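There are 2 protein chains.
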Amino acid sequence: NATAKAALGRATWKLLHTMTLRYPETPSPDEREALDSYFHLLSRLYPCGECAAEFQQLLAKYPPQTSSRKAASLWLCDVHNKVNKRLGHAQFDCAHLDAEYDCGC
Amino acid sequence: NATAKAALGRATWKLLHTMTLRYPETPSPDEREALDSYFHLLSRLYPCGECAAEFQQLLAKYPPQTSSRKAASLWLCDVHNKVNKRLGHAQFDCAHLDAEYDCGC
Ligand SMILES: Cc1cc2nc3c(=O)[nH]c(=O)nc-3n(C[C@H](O)[C@H](O)[C@H](O)COP(=O)(O)OP(=O)(O)OC[C@H]3O[C@@H](n4cnc5c(N)ncnc54)[C@H](O)[C@@H]3O)c2cc1C
Ligand SMILES: Cc1cc2nc3c(=O)[nH]c(=O)nc-3n(C[C@H](O)[C@H](O)[C@H](O)COP(=O)(O)OP(=O)(O)OC[C@H]3O[C@@H](n4cnc5c(N)ncnc54)[C@H](O)[C@@H]3O)c2cc1C
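Order-wise, the sequence lines are chains Y and A.
Here the numbering used here is used: the first residue of the first sequence is 52, the next is one more, and so on.
Here the numbering used here is used: the first residue of the second sequence is 52, the next is one more, and so on.
The shape of chain Y in the complex, shown without the other chains (with noise of 0.2 angstroms):
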């Protein structure tokens, strides 16, 4: 069932984005330490068992960026554009973020 794969994947993505672009500006070293644990959490609960293992390589090849709002942003912006080129989807302009992923809260 590829369309709810497909559905749940835009779903995540959703959550994840609009955290980092809430994550404090100065994160404090147990903030820093939240953030990782989440990404590495995640990666191991992920629904779909085949993109949790992908989703483990990458992070092991670019850990979370967890110094700053902006470099867990980017990070994941970069993160997420790694999975667009091997499923064949159009890159994401980084620079369009925050115009995307404001939560209103």
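Note that these hints are calculated values from the structure, not bench results.
Note that the structure is a prediction, hence the values are computed from the model and not measured.
The reader is advised that the hints may include incorrect statements.
Which copy is meant is left open, because identical chains are indistinguishable; a pair holds if it fits in one copy or across any two.
Straight-line alpha carbon distances no greater than 27 angstroms define the calculated DSSO-like cross-link-like pairs of lysine-lysine that follow [what the hints assert, rightly or not]:
{"no.": "1", "residue 1": "K121", "residue 2": "K133"}
{"no.": "2", "residue 1": "K133", "residue 2": "K65"}
{"no.": "3", "residue 1": "K121", "residue 2": "K136"}
{"no.": "4", "residue 1": "K136", "residue 2": "K65"}
{"no.": "5", "residue 1": "K112", "residue 2": "K133"}
{"no.": "6", "residue 1": "K56", "residue 2": "K112"}
Given chain Y, work out where chain A with the ligands should sit, using these hints.
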């Protein structure tokens, strides 16, 4: 921007329910720890600050049930229904979880 907040909520619930419904039937201690940590980290990192605060209180009162797929998915359905109640949304019949969240993976 209430529309964006609602769309973020829908995306997040979709990921979370699909995740618990793919969680192992018989998890290892390590897998139980991963799911518990995941929910606690999400409650800190969730991009809607007001929602995150409410979610933290819910988790304190109703800690994640991680002993099996069934326990985890019914626990999350129940927690989501508590959020629905607070927001004046309809209750969901947790007997319909499997039909609703087929991720096709
Ligand atoms: C961690 C993870 C791993 C995945 N691995 C796989 C896999 O191995 N195999 C598989 O088939 N599917 C995988 N998926 C699903 C896949 O990435 C897509 O979500 C799915 O194919 C739907 O694609 P889409 O073209 O609708 O847009 P998506 O890639 O879901 O993107 C949703 C929207 O985000 C925006 N966007 C696109 N690129 C970026 C970017 N770089 N930064 C910010 N915003 C962007 C665009 O507006 C786009 O419409 C994975 C999903 C996740 C979350
Ligand atoms: C952790 C968390 C905390 C939140 N806290 C707040 C808050 O404090 N204030 C606020 O305004 N918004 C909050 N939200 C957003 C809110 O829960 C809704 O997502 C949003 O209002 C959109 O509601 P909706 O009626 O479209 O359906 P949602 O509640 O988003 O549900 C999406 C779909 O899931 C299904 N569903 C409904 N109930 C259940 C259930 N119990 N189990 C399984 N599936 C179900 C239905 O098909 C429904 O259409 C929170 C979201 C999350 C993830």
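Hints, verified against the model:
no.	hint	in the structure
1	K121 / K133	within (18 angstroms within a copy, 35 angstroms between copies)
2	K133 / K65	both (16 angstroms within a copy, 24 angstroms between copies)
3	K121 / K136	within (22 angstroms within a copy, 36 angstroms between copies)
4	K136 / K65	both (18 angstroms within a copy, 25 angstroms between copies)
5	K112 / K133	within (11 angstroms within a copy, 40 angstroms between copies)
6	K56 / K112	within (24 angstroms within a copy, 33 angstroms between copies)
Violated hints are absent here; each numbered hint is respected by the structure.
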